[in-house]
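**Q** Sequence:
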Amino acid sequence: LLKEGFPDSLASEIKELTEENEVILVHGGGDIVTEISEKLGHPPRFVTSPRGFRSRYTDEETSKIFTMVMAGKINKDIVSVLQGLGVKA
Numbered sequence: 001l002l003k004e005g006f007p008d009s010l011a012s013e014i015k016e017l018t019e020e021n022e023v024i025l026v027h028g029g030g031d032i033v034t035e036i037s038e039k040l041g042h043p044p045r046f047v048t049s050p051r052g053f054r055s056r057y058t059d060e061e062t063s064k065i066f067t068m069v070m071a072g073k074i075n076k077d078i079v080s081v082l083q084g085l086g087v088k089a
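Going by our numbering, the first residue of the sequence shown is number 1, and it counts up by one from there.
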């Protein structure tokens, strides 16, 4: 799990993997969603299940912010790094 950035070492390993394999990269980004939500004046809300699982409460505005961050910023940053190494991303 990576909390910040997309290290060159990981990008290089992904490049090597893609030379002989199809790769699906699954990433997180909840911390950035929280940061952007707060900056946009829509602070996140969380709920905790009876078993102690913490989840983000996702209303319509939160869903839009989530998509903007994940499909916009984070995905584009990762794709840019990988394409810079010649990976078809």
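None of these hints come from the bench; they were simulated from the model.
For clarity, every value in this text was computed on a predicted model and none was experimentally measured.
Honestly, I wouldn't trust all of these hints.
The following label-pair restraints were derived from C-beta to C-beta distances [as the list claims (entries may be wrong)]:
no., residue 1, residue 2, range
1, 48, 20, 40 to 48 angstroms
2, 54, 85, 31 to 39 angstroms
3, 67, 23, 32 to 40 angstroms
4, 76, 45, 25 to 33 angstroms
5, 83, 51, 35 to 43 angstroms
A virtual CB, placed ideally from N, CA and C, is assigned to each residue, including glycine.
**Q** For a quick check of understanding: which of the numbered hints are violated here, in increasing order?
**A** 3
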